[in-house]
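> Given the structure of chain F, go ahead and fit chain A onto it with the hints provided.
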Amino acid sequence: MPKAKMPRKSTHVDMTAMCDVAFLLLTFFILATKIKPTEPVEVRTPASTSTTPIPDDFMLLTVSKEGRVFFSIDNLNVREQIINEISSSKGLNLNEKQIQAFKEGGSIGVPFNMLPSYLALPFPDRAKYDKTAPGIPTDTTASFDSNELAYWIRTTRLSNPNLRIAIKADGEAAYPHVQKIIATLGHQQVFRFNFITEGKGVPKGSALEQELSAGKTQQ
Amino acid sequence: MAEMEVKGGKGSPRVDLTPMVDLGFLLITFFMFTTTMSKPKAMQIQMPFKDDKMEEKDKSKVKESTAMTILLSKDHRVYYYYGMGTDPTNPPKLEVTGFKDQGGIRDAIIAKKKEVQSLVASGALAPDDKITIMIKPAENSTTDDLIDVLDEMTINAVPIYAVVDITPVDLEFIEATENANGE
Numbered sequence: 011m012p013k014a015k016m017p018r019k020s021t022h023v024d025m026t027a028m029c030d031v032a033f034l035l036l037t038f039f040i041l042a043t044k045i046k047p048t049e050p051v052e053v054r055t056p057a058s059t060s061t062t063p064i065p066d067d068f069m070l071l072t073v074s075k076e077g078r079v080f081f082s083i084d085n086l087n088v089r090e091q092i093i094n095e096i097s098s099s100k101g102l103n104l105n106e107k108q109i110q111a112f113k114e115g116g117s118i119g120v121p122f123n124m125l126p127s128y129l130a131l132p133f134p135d136r137a138k139y140d141k142t143a144p145g146i147p148t149d150t151t152a153s154f155d156s157n158e159l160a161y162w163i164r165t166t167r168l169s170n171p172n173l174r175i176a177i178k179a180d181g182e183a184a185y186p187h188v189q190k191i192i193a194t195l196g197h198q199q200v201f202r203f204n205f206i207t208e209g210k211g212v213p214k215g216s217a218l219e220q221e222l223s224a225g226k227t228q229q
Numbered sequence: 304m305a306e307m308e309v310k311g312g313k314g315s316p317r318v319d320l321t322p323m324v325d326l327g328f329l330l331i332t333f334f335m336f337t338t339t340m341s342k343p344k345a346m347q348i349q350m351p352f353k354d355d356k357m358e359e360k361d362k363s364k365v366k367e368s369t370a371m372t373i374l375l376s377k378d379h380r381v382y383y384y385y386g387m388g389t390d391p392t393n394p395p396k397l398e399v400t401g402f403k404d405q406g407g408i409r410d411a412i413i414a415k416k417k418e419v420q421s422l423v424a425s426g427a428l429a430p431d432d433k434i435t436i437m438i439k440p441a442e443n444s445t446t447d448d449l450i451d452v453l454d455e456m457t458i459n460a461v462p463i464y465a466v467v468d469i470t471p472v473d474l475e476f477i478e479a480t481e482n483a484n485g486e
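Heads up: the sequence lines are chains F and A, in that order. Heads up: the first sequence runs through residues 11 to 229, numbered per our numbering. Heads up: the second sequence runs through residues 304 to 486, numbered per our numbering.
Isolated chain F (complex conformation) (with noise of 0.2 angstroms):
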């Protein structure tokens, strides 16, 4: 019988192929990240059956569980506006550096008699600072008119007025301090917004289940 000749096959695997696999999902990766913004507080937020997801644009008003009150919004150019607009109009005088500095950080929690100071620290430093920073005041003996959140929230709704607010409170945090912030939205006529909430599931038989099974969509 006349011996099969198995042909001698190379080990060697072609790459290429698997290289561009590689490739193209690790661009889809890249692109698709969003570096997390960093967090001035770490916030528990509370569950809620909404599956909406939240605006793309939006202000955010991060609460403490003690209260302190954070302000920070992500599109750069309106950061630009409204840090010259209070540099201005509160005289702080800010220089070249405090406004970059502003332009890139986080959020802010200071009243505007620290934000000078606050800007001129280096990056990790405010970092480290917003563990302890006072918040925003959103004194309400005065009036809302006047309290520097409404302030903060008047100037960024001039630059861009269809910019949704979003309210990262705490789960532990007392309503009163919640309720400031509501207030405060309600002088400026704002009425609707946003609280970030976590996912949790709808509760079996509930009437929400069955308007979500007879294809309504959730409001």
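Treat each hint with caution, since some may be false.
Chain A is faced by these chain F residues, among others (derived, beta-carbon under 10 angstroms) [unchecked claim]: (1) 23; (2) 38; (3) 63; (4) 188.
It should be emphasised that the hints constitute simulated quantities derived from the structure, not laboratory data. Because the structure is a prediction, the values reported are computed rather than measured. Even for Gly, the Cβ is constructed at its ideal location relative to N, Cα and C.
Quick look at chain A alone, frame taken from chain F:
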């Protein structure tokens, strides 16, 4: 002049791509872990429109029989009563409950919804009358409570609800109930 010389045609032009693939997958893994895929959700709320210049006739009126009031208090406790509690001669009966899947505030809301529906069916209420819930968080309640109760509104498809400031009368109701329960 030094001349570049290609020696023979035998040298394979193939490059070993294995390290490159390794690097590629390493980076993929890194980006996969850092990517936050689950975007946080947002719950939209609409506060009652408030304007100091609003005239009395433009304010919406709530019928006593469609109303339900929910008071949020300490330790995630929820007090509720049917009606608005505005009649001082006939104080409402406060019930204390909590956020539970069974026997909590949800059952009370469902019961009230059924009651309003049957009142509408019997003709005691106009066909467009709907259950109206007023949420009054006390100062010792937390954001969790507020979000939970707003979520109950969505879960139970409550058509009209509003977050309003708690009144001193309501606080007295809570205190009276606490005293009655031996606290």
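> Of the numbered hints stated previously, which ones are contradicted by the structure, given in increasing order?
none
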